[in-house]
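There are 2 protein chains.
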Amino acid sequence: MANRKTKTSRRAAQKPARMDIHAVAKLANVSIATVSRTINRVPTVNPKMAKRVWEAIRELDYFPNTQARALVSGRSRLLGLIVSEITNPFFPELMQGFEDVAVENGYEVLIGSTNYDPDRMSTCIRRMLERKVDGVAVMTFGIEEPLLAQLAERKIPLVFVDVGPERPGISVLKVDYHSGIRQGVQHLAALGHRSIGFITGPLRLHSAHSRLAAFEKSMQECGLQVAGEWIVQGDHTMEGGMAATDLLLSRKALPTAVMCSNDMSAIGVLHKLHRSQVRVPDDLSLIGFDDIHLNEVMIPPLTSVQMSRTDLARAAVSALRAHIEGTSPQREYGISTQLVVRESTGFPRGTMQHLRDKARSQRGAGVSGLKK
Amino acid sequence: MANRKTKTSRRAAQKPARMDIHAVAKLANVSIATVSRTINRVPTVNPKMAKRVWEAIRELDYFPNTQARALVSGRSRLLGLIVSEITNPFFPELMQGFEDVAVENGYEVLIGSTNYDPDRMSTCIRRMLERKVDGVAVMTFGIEEPLLAQLAERKIPLVFVDVGPERPGISVLKVDYHSGIRQGVQHLAALGHRSIGFITGPLRLHSAHSRLAAFEKSMQECGLQVAGEWIVQGDHTMEGGMAATDLLLSRKALPTAVMCSNDMSAIGVLHKLHRSQVRVPDDLSLIGFDDIHLNEVMIPPLTSVQMSRTDLARAAVSALRAHIEGTSPQREYGISTQLVVRESTGFPRGTMQHLRDKARSQRGAGVSGLKK
DNA sequence: AACGCGCCAGTAAACATTTACCCAAACAGC
DNA sequence: GCTGTTTGGGTAAATGTTTACTGGCGCGTT
Chain A
88 MANRKTKTSR RAAQKPARMD IHAVAKLANV SIATVSRTIN RVPTVNPKMA KRVWEAIREL
148 DYFPNTQARA LVSGRSRLLG LIVSEITNPF FPELMQGFED VAVENGYEVL IGSTNYDPDR
208 MSTCIRRMLE RKVDGVAVMT FGIEEPLLAQ LAERKIPLVF VDVGPERPGI SVLKVDYHSG
268 IRQGVQHLAA LGHRSIGFIT GPLRLHSAHS RLAAFEKSMQ ECGLQVAGEW IVQGDHTMEG
328 GMAATDLLLS RKALPTAVMC SNDMSAIGVL HKLHRSQVRV PDDLSLIGFD DIHLNEVMIP
388 PLTSVQMSRT DLARAAVSAL RAHIEGTSPQ REYGISTQLV VRESTGFPRG TMQHLRDKAR
448 SQRGAGVSGL KK
Chain B
88 MANRKTKTSR RAAQKPARMD IHAVAKLANV SIATVSRTIN RVPTVNPKMA KRVWEAIREL
148 DYFPNTQARA LVSGRSRLLG LIVSEITNPF FPELMQGFED VAVENGYEVL IGSTNYDPDR
208 MSTCIRRMLE RKVDGVAVMT FGIEEPLLAQ LAERKIPLVF VDVGPERPGI SVLKVDYHSG
268 IRQGVQHLAA LGHRSIGFIT GPLRLHSAHS RLAAFEKSMQ ECGLQVAGEW IVQGDHTMEG
328 GMAATDLLLS RKALPTAVMC SNDMSAIGVL HKLHRSQVRV PDDLSLIGFD DIHLNEVMIP
388 PLTSVQMSRT DLARAAVSAL RAHIEGTSPQ REYGISTQLV VRESTGFPRG TMQHLRDKAR
448 SQRGAGVSGL KK
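Protein sequence lines, in the order shown, are assigned to chains A and B.
Terminal number for the first sequence in our numbering: 459, no gaps in between.
Terminal number for the second sequence in our numbering: 459, no gaps in between.
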């Protein structure tokens with residue numbers, strides 16, 4: 088009662104020992120039930136009372152105890168996010184987006200990274216279960232079996248990328264690899280490339296398979312031959328890209344362009360090519376996949392197929408929310424991809440354009456990609 | 088009673104509707120108190136009973152409800168980790184380390200990223216408070232005032248980097264910038280560089296200040312002049328590095344070497360220099376700071392001062408644990424730094440060594456750094 | 001005027017633990 | 001053999017919410 092600053096006293100002068108719903112109720116002169124209902128915006132509360140309650144809440148700087156809430160309501164307002172690698176900048180960017188969207192919707196995020204290690208994956212799942220997450224996004228780009236057993240069994244909503252079991256409570260983000268990769272192949276074809284190689288990801292990953300398949304299909308569509316010796320397996324890391332480049336360099340002939348299953352591979356390739364005096368794009372054009380920020384500062388800046396992290400994050404959170412809150416969850420969410428042309432692609436060596444281009448001392452940014 | 092596989096039946100055949108401590112107690116034929124004590128490893132429980140309890144736990148695949156636990160014990164076993172940027176690969180690497188160590192010690196991590204935005208910072212803190220984190224590591228490399236008000240007031244243990252208020256419950260990780268940066272300057276000096284520039288971070292950051300100071304001091308120690316026109320302010324981003332490079336290139340003369348306040352800046356510099364036909368290290372030597380993984384694949388691979396993410400993560404978790412569990416928390420934890428020599432540093436242009444070096448067609452990895 | 005119904009606030013149970021306190025049994029000392 | 005002490009398990013309270021149920025009050029209808 089003895090408030091110093093009567094109006095918006097930043098901290099109530101008389102501090103109750105514990106700051107719970109009872110304190111608010113007492114100050115607002117209502118029951119705790121009313122306070123709870125007010126906070127949860129139950130429409131049956133009298134606006135007059137609600138106002139009193141909100142004032143008391145402000146006065147006391149009160150916020151509800153999440154633990155107690157979760158305990159009784161059975162909902163933790165926690166979303167799990169499982170990613171595979173953290174070294175690949177794609178994932179931090181994805182995590183950031185996911186966190187932003189989740190927080191926007193009043194959820195918190197529990198992050199787990201597996202490093203492709205089944206043991207880590209299983210402790211990850213355990214942690215999620217213990218914290219009673221309301222849903223989990225599995226962004227490892229490849230299903231892992233233990234998940235299904237432990238999470239789906241407990242009816243926890245799940246989101247996968249690319250592929251997942253057909254089951255209630257499970258959604259899948261379907262990435263349209265083909266569209267972006269086709270743009271890439273068409274871009275190369277338009278520049279005059281005929282022999283194009285591909286560095287795959289680890290083929291146990293569904294996404295790696297899909298990207299390779301999309302490449303092969305796109306080549307066919309452009310009337311180009313896919314040469315087996317120029318399809319090399321990588322593992323979506325820089326090291327994998329370097330190793331794949333070694334292999335490629337050991338072939339009797341080089342392709343004039345190479346597409347990669349992801350940007351980290353492409354960065355490894357770029358590095359190794361530079362070491363081997365192969366110039367990009369003069370001797371060899373290079374296209375990555377993911378379009379991580381880093382691409383812009385590579386030397387040269389890397390042409391890449393963009394898969395939007397924000398789209399993925401938004402779709403994942405939407406899907407989970409729909410399942411959790413019971414509002415018409417979709418089985419599939421489409422994610423589009425799109426070519427972003429930078430400077431790692433150019434005319435193939437020896438073509439007229441190439442020579443003409445060479446003649447101009449300074450390369451402009453004149454090589455524009457064709458949309459669709 | 089009608090178990091199929093009598094021994095290690097993976098899932099109990101008869102599933103109790105709810106799987107709580109009572110179910111375990113009933114199966115083990117003890118009271119819930121005993122179960123609780125067993126789980127929490129209270130030493131007074133009879134080993135015989137403990138064994139029965141553990142078996143029941145295994146049988147039922149039981150794990151305690153974290154919410155209830157947290158509610159009654161007042162401890163959430165949740166650690167907050169606040170970082171500034173997620174685009175800078177340094178932070179994901181740090182987050183990864185922090186998470187690993189935290190999980191190792193039975194804690195979960197709540198991540199918040201601020202993007203240097205005070206609003207985001209304050210919602211971040213709010214989230215941490217609501218989830219009742221047991222401690223928070225503030226890895227933004229610069230104190231933010233709202234933190235102190237809200238978190239310290241509630242006696243939540245905190246860890247800062249570089250600098251923080253002298254208060255119980257607060258520890259500071261003191262990074263020894265000087266040692267690593269001195270190694271860098273000495274390395275350059277030994278190669279024959281006399282004119283060395285520096286690209287700072289955003290100077291509102293304490294860490295940026297410290298790094299600049301360490302550079303200036305090291306220059307003095309090596310008997311070298313610090314030229315004001317070669318000290319340019321960046322902001323720890325690639326873009327900042329590029330802008331700083333532009334400024335540097337507009338000076339009437341260039342230094343023969345440049346050190347950067349962090350690697351992202353250095354990558355921006357590298358990019359811009361390449362665009363401007365300045366070769367690294369032939370025309371200009373470059374040293375970064377942080378030693379992110381990416382350095383290895385830059386063209387050329389970047390010499391950098393390493394600040395160990397693992398060390399930071401370990402120290403942060405140790406400090407927080409010490410505060411939380413009351414075991415002799417230290418006020419300060421030292422973090423060392425160390426030069427890692429790669430290929431972005433070489434002899435300055437025009438020196439004898441430079442010419443001699445040029446003569447050898449292939450550069451070896453022969454330029455070795457001097458330790459200490 | 002009386003009855004009924006709807007609206008809305010309050011009471012209390014439930015959520016799954018931890019832990020202070022109590023009490024039974026066992027053992028040792030006299 | 002009886003009593004005192006110690007050992008260790010059980011009972012119940014407490015944690016801070018949500019929510020089903022209850023009940024009072026006011027208004028509308030017959």
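In case anyone wonders, no lab produced these hints; they're calculated from the structure.
Keep in mind that a hint or two might mislead.
Identical copies look the same in the list; a pair holds intra-copy or inter-copy alike.
Below, simulated BS3-like cross-link-like pairs (lysine-lysine); rule was C-alpha separation at most 30 Å, straight line [stated by the list, open to error]:
hint, residue 1, residue 2
1, Lys304, Lys339
2, Lys304, Lys113
3, Lys219, Lys242
4, Lys261, Lys242
5, Lys242, Lys113
6, Lys359, Lys138
Hint check results:
| no. | hint | verdict |
| --- | --- | --- |
| 1 | Lys304 / Lys339 | within (25 Å within a copy, 55 Å between copies) |
| 2 | Lys304 / Lys113 | neither (70 Å within a copy, 61 Å between copies) |
| 3 | Lys219 / Lys242 | both (11 Å within a copy, 27 Å between copies) |
| 4 | Lys261 / Lys242 | within (22 Å within a copy, 47 Å between copies) |
| 5 | Lys242 / Lys113 | between (40 Å within a copy, 26 Å between copies) |
| 6 | Lys359 / Lys138 | neither (66 Å within a copy, 58 Å between copies) |
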